[in-house]
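These are the residues of each chain, in order.
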Amino acid sequence: MTIALPVTEVTSKLNKELDAGIIDAKDNTILVKSGSLKELISFLKNTPGLDFDYLTDITSVDYWDYFELVYQLTSIKNNHKLTVKTRLAGRENITASSIVSIYKGADLQEREIHDLMGITFEGHPNMKPLILWEGFKGYPLRKDYL
Amino acid sequence: MEIEPVDVSKVCIFPDQGVDRIEGEAIEALKSSCGVPYPDKTEWLTEQAGKGSLLLTTVDAMLSWARRASLWPVICFPACCAFEFVTAEASRFDMSRFGMEIVRASPRQADLLITAGTLTWKMAPQVKRIYDQMAEPKWVIAMGSCGISGGIFQSSYNVVPGYRCLFPVDVYVPGCPPRPEALIYGIQMLHKKISKGTLKQG
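Going down the list, the sequences are from chains A and B.
Each residue of the first sequence is one higher than the one before, starting from 297 at the first, in my numbering.
Each residue of the second sequence is one higher than the one before, starting from 2 at the first, in my numbering.
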């Protein structure tokens with residue numbers, strides 16, 4: 297079974313080698329600033345010993361005051377996993393940085409989040425509807441959608 | 002740490018943007034034109050078979066026998082009711098007893114549309130097209146809760162609330178999903194309806 301990585305070990309490494317903008321770290325979850333997310337995930341993927349070579353999932357959650365993006369990373373090589381979260385304030389024109397250039401598998405998941413939650417990913421090469429059709433009004437998975 | 006640039010246009014296939022726009026326009030046009038569902042015709046339930054002149058009655062009886070004894074369904078299985086349909090087709094229930102063992106892949110060779118499953122608006126233009134391409138005379142069985150009214154997805158943002166928004170439905174088979182026996186009963190009801198049809202009605 298995949299083991300959740302002790303989060304203190306990761307954060308000490310991150311703070312030592314990178315200005316990662318970590319806000320909180322507990323329960324195998326790192327909460328970071330949205331600006332430094334791409335850099336941090338790239339670091340997690342490419343650092344020996346961490347080697348998070350597989351992106352399990354990207355999810356977004358609507359908490360009314362803010363949106364939360366949840367990235368679940370797995371290392372097949374080292375058999376451990378980690379969750380990275382980031383928060384985006386506001387409800388209109390929300391943007392986050394795309395990680396398609398790091399994990400190709402993020403392509404469809406970011407498009408799905410764009411469809412259903414209305415979060416635009418900057419740097420995504422093909423940010424257009426995936427599940428819904430062109431011209432659909434609104435974002436169905438938001439809490440204020442009818 | 003430096004991020005390696007990846008030329009995504011080489012590793013991913015992106016379709017033409019115009020295709021998406023045309024698709025979206027078609028869906029929106031269909032959605033706005035499907036406001037009022039088609040009314041159900043129930044007169045045949047109380048109608049007596051074999052009315053009219055003697056010659057036409059004989060021809061009608063012959064014709065409707067030929068029509069009902071070789072109903073060929075077309076493939077239109079958007080969701081899970083399809084498995085019940087497959088079971089009804091397979092050896093245990095054996096729908097070929099009613100002369101309908103062949104499921105046609107082409108709507109032009111079929112005269113029965115069994116709508117087995119939830120239909121989303123994104124798929125609706127294609128199903129409407131299948132119905133339009135079928136040759137007359139044609140019949141429709143709405144199978145399952147989703148086919149009848151949208152079922153549990155009725156108020157959803159992307160589900161068609163029943164196939165009767167798109168085209169008239171002859172027989173409804175309730176259930177989620179209906180048992181193969183229920184589907185076969187529905188087909189027998191359709192046989193009754195066809196046997197009451199006349200040449201004049203088409």
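Keep in mind the hints are simulated off the structure, nothing from the lab.
C-beta atoms are modelled at their ideal positions from N, C-alpha and C, and glycine is treated no differently.
Errors might be hidden in some of the hints.
Simulated restraints on C-beta separations [what the hints assert, rightly or not]:
| hint | chain 1 | residue 1 | chain 2 | residue 2 | range |
| --- | --- | --- | --- | --- | --- |
| 1 | B | S34 | A | Y362 | 35 to 45 Å |
| 2 | A | I319 | B | C177 | 39 to 49 Å |
| 3 | B | R22 | A | G419 | 19 to 29 Å |
Structure-based check of each hint:
Against the hinted window of 35 to 45 Å, the Cβ-Cβ separation of B/S34 and A/Y362 comes to about 40 Å, which satisfies the hint. The hint said 39 to 49 Å for the Cβ distance between A/I319 and B/C177, and at roughly 46 Å that hint holds. Checked against the given bound of 19 to 29 Å, the beta carbons of B/R22 and A/G419, roughly 23 Å apart, stay inside it.
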